[in-house]
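Novice: Below, each chain spelled out in residue letters.
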Amino acid sequence: MQRIGVFVCWCGSNIAATVDVEAVSQALAKEPGVVFSTNYQYMCSQTGQDMIQSKIHEYNLSAVVICSCSPRMHEATFRRTCEKAGLNPYMVEIANIREQCSWIHKDRAEATEKAVILGRAAIAKVQLNAPLTAGTSPVTKRALVIGGGIAGIQTALDIADAGFEVDIVEKEPTIGGKMTQIDKTFPTLDCAACILTPKMVDCAQNEKITIYAYSEVEAVSGFVGSFRVKIRRKARYVKEDVCTGCGLCTEKCPQKKVPNAFNLGLDTRRAIYIPFAQAVPKVATIDADYCTMLRTGKCGVCSKVCEAGAIDYKQKDEVIEREYGAIVAATGYNPISLAQFDEFAYSQSPDVVSSLEFERLMNAAGPTGGTLLRPSDGTHPKTIVFVQCVGSRCDGAEKGKPYCSKICCMYTAKHAMLCREKYPDTDVYVFYIDVRTPGKNFDEFYRRAVEEYGVHYIKGMVGKVVPENGKLKVRASDLLDGRQLHIDADMVVLAAAIEPDKSARPLATMLTASMDTNDFFTEAHPKLRPVESPTAGIFLSGACQGPKDIPETVAQAGAAASKVIGLLSKDQLTCNPCVAAPNEMMCNGCSSCEKVCPYGAITYVDKEFRGPNRTTLIRRVAQVNPAVCQGCGACTVACPSGAMDLKGFSNRQIMAEVDAICL
Amino acid sequence: MIDMMEQITRIAGVNPRKCMRCGKCSGACPAYDEMEYHPHQFVSMVENGRIDELMRSKGIYTCLSCFACVERCPRSVEPAKLIEAVRCAVERQQGMDRLRPEAVPGLLNPDLPQQAITSAFRKYRK
Amino acid sequence: MSVNESFRPTIVAFCCNWCSYAGADLSGTNRLNYPANVKIIRIPCSCRLNPMFILRAFQRGADGVILCGCHPGDCHYTTGNYYARRRMTLLFSMLDYLGVERERTRVEWVSAAEGAKFAATMNEFVETVTKLGKNRRLEDLRCSK
Amino acid sequence: MMKFSYFPGCTLKTRGAALDRCGRAAAEALGFALEELPEWQCCGAVYPNARDEIATRLSSVRALMAARDAGTELVTLCSACHHVIKRVNGDIRRDEDIRAKVNNYLKPEAPYAGEAEALHYLEVLRDRVGFDAVKQKVAAPLAGMKIGAYYGCLLLRPSKELAFDDPENPSVMEDLIRALGAEPVVYAMRNECCGGYVTIENPDYAKKQAQRIVDNAKALGAECLITACPLCMYNLRANTDGSLPVYYFTELLAKALGVDGEEAKQA
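Protein chains in written order, with this note's numbering: chain A, 3 to 665; chain X, 2 to 127; chain F, 31 to 175; chain U, 13 to 279.
Looking at chain A on its own, in the form it has when it is part of the complex (with noise of 0.2 Å):
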């Protein structure tokens, strides 16, 4: 029998305005084994800490109860705490009376009811504790960053800084990922190119930092400390080690009429291309679909002006295998398709374009040499409709997504004023729905736009645009006014919603991390912990976890640099101690367990035992490496015999809660 000591919390008003604490701790007093009950304000404080260890010397308690918050939220802290005291932490159980009592029941009576109840669940559960010893495993100093944008950049450069070697794995034939395609930032209007090239160059320059650019990971193993990760490496068909980027091929390819992605297909490119003249590697690439020699067999010019001999038709896809101690997803996001909102016709005119298109209209870099003119006809547009929330702040699965997207307010009155700026004849129009625009300089940026930048802005709605005449036809109400507007505009520039990265919820499943329904990664806390995955070594850098704009995302990248270090200085890692274990003695070497085990934890031996009439027998029995067991509990269950069971979720004592709750 334990010496069992109960310790519920009232943490503050949340559970004690519902739960009646002091009830709960005196019903609890008579549980068996229980010596000591109490109450508390608030017992993760240091007060309250300080009480259940002097409790637990002073009644020699042998295990805690603690009715509080979700053991989410402070089981580690408790277990802390009893250790402390010269406990072993797995004596402590969490009754969780706050997430899943107090705050979802109004009636107190029922309340403190279901409160004892469970803290009876927690009594009957520790009384069949045992302690336990955690083991450890090591440590793979080297990380790996999935995504090469500004987040991926960011946190490889700051984990690199710290001395750990990083890899970086980019689908695109360059790092840079979105930022590379925008024009000016906001809210200073300084080039993005102008700070964020000089990051890629450090990228490739940095001898702790290896670019695996246009490669993508296709399978993930192991576990914290010691993931193992399959990447493909694409073929280019170029040797990325000898090709000097001159981008003679480039300029000599016949296959002229590629539709060049960079640019949004705003304009072509030839079938072997370097992205853009920062492009980090500087390395030209094949694009399959188009290269007439690898379709037809016939043709080879960029072998032939190629002087370093770089290009190799024959190349195929390599799979490499690498081991890292920690992951960080930084996959970014994409705007989403307008195909669903073709009310503002923007398959049916050239000149109703996205804002990221748009980003490259204005580039000097862009299709048009950063003269905004109209895809259609080449002529300057005189008035421009920009439409904000297209597909943001939608109700409902069959169109658009839920959430603000954030970044397009401030983004829009970049454009906005930027296009005054430029072409002060041109009339400027932005529809809003609410204009948000918290951050620091964000809302005095959006009233320059207006006021002195005499941007029309007007509290509505595009209802439709009908394409006519050369002009668009742009039907929407003013809210303030009272009136339907009918504005014959020359471009309209839609602020589509953003979205996560198609390649994130596969990864997601590759990584085992969760997801909310809209593909964001989740944090493993919104607020304490934004940039874990609840999943441990997985860390999460940049749009991939919502929305964000470049400061923002800078910040959570550094954030997920510093948690990545933090997790590679360590030598070695604590492991869970609730591993699965036989009883050798029922086990009968039948390979059930082996069969379900997802880790290849469970291996078997033949083992000597003591037979009747003092004789041996050898009997293959099954072993469970306690570093490479995750604890999951699959082969408990599929074991004909029950000779495995789960530590710290035996049988018995989850059958023990069972009995407990329907006493």
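Honestly, the hints are just simulated from the structure, not real lab data. Each statement offered as a hint is correct.
In silico lysine-lysine, BS3-like type, Cα no more than 27 Å apart, as pairs: (1) A:Lys403 - U:Lys172; (2) A:Lys504 - A:Lys201; (3) A:Lys504 - A:Lys408; (4) A:Lys475 - U:Lys230; (5) A:Lys86 - A:Lys57; (6) A:Lys306 - A:Lys316; (7) X:Lys19 - F:Lys147; (8) U:Lys220 - X:Lys59; (9) A:Lys108 - F:Lys147; (10) A:Lys306 - A:Lys318; (11) X:Lys19 - A:Lys408.
Which stretches of chain A does chain X cover? Using the computed rule of at least three CB atoms under 8 Å from a CB of chain X, they are: (12) 388–396; (13) 463–477.
Cβ coordinates follow ideal geometry from the N, Cα and C atoms, glycine included.
Assemble chains X, F and U onto chain A, guided by the hints.
Specialist: Chains X, F and U only, in chain A's frame:
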């Protein structure tokens, strides 16, 4: 008035509280200039219980039921359904039919499809 | 109906630590109500649920048992919820054989982000079980004297 | 041979006879049978947006039930009838309350739960016959014709319920036009309201509406319009300057298939 508001939302089967005041309905409405209360106002007036005023308005007969606002509403508020509900509330009262059978012969013209009369008759009558 | 109004079923909910237990916490954080007769037992993964636990619950007087785990494909341990799904399918036919109504046992996938779904599921499940009324208690013949 | 139950609707027997006649002739040429429902009644004319209107839903349910009992899908040519019937069918499938009330009222031998499938003729062409098959049957391609498809509201919206085509950028009639050997003209006003029944009360307003549609189609190069709705047809003809000829889509279909050619010209 609250009862009336509940009745309207029940008939319509939509929730005016979901409206985020974007005004896309009024930007999409082809009959905007023919109505004294515009689709977005309709939603907020139902929400604020100003049903009487809506019941007296001509706009309820001008709505074409073209569903442009229903289709384009990003919040599934679907103003046309609220407008229809108010129209029902009016026409279900005694003697409030907008179109009487006696009036039909006068409306006929040799090209006008039956469908137009039938529809109008259904729309404008209890 | 009047018989059932005072009847408050005992419901045991087994929740995997990574998704559903967190989802249950989230419904608390968002103050989404569900009846107090739902009591949650935390298990590391839905695949830790031994069908024995459910039988035990029905023996001890539970009126309904629900297992919540990560969505298929999203298991923290990669494949655990697939095992759980298969095992539960077998258990369902056994419970049928024993004469326990099919609606008293349920499997739901609730992610850590689905606090609202957790509360809605529990509300609905409690309502279903309340309508069914008191469960007949399974007897453990090994224990009978 | 594919068989469908066919619901013509009031207007197709009178003012919209060309829509009906050419549709039947084309069906025969394309190898599917339209079997007119015996003793069909009005579809209800307008879909009752009010959830508590039961009576106005009943006649659609009768048509649907007849199709179910015949074991065939229910085809309509008139967009208005199609709109009402398809949405009522959806209500029956989705809304337990409406289903119960309708069945209580009609007391059919077998309760109706939305088993029948309501299809528009265009959906039959696209999903059952296939435009490739239509193309193969074309005897007199409409080469050189620039045709603007006019969809109006009722075929497309609300897309959640009608699931007919992309509500903002539909393509089924354009695909048909291509199959007939002509060139489709895509113009943005093709899914805007023609003015509908408001023409009775306020013809000036209906005129404005319809003229905008014609102007837009003309500006984009259309030489004629096609439609699937007799009311749209009326508004586009009577309430515009008449600068664009308007046909039922079945008229051009029959013409291209080489059936009913004479009558199509007269229409």
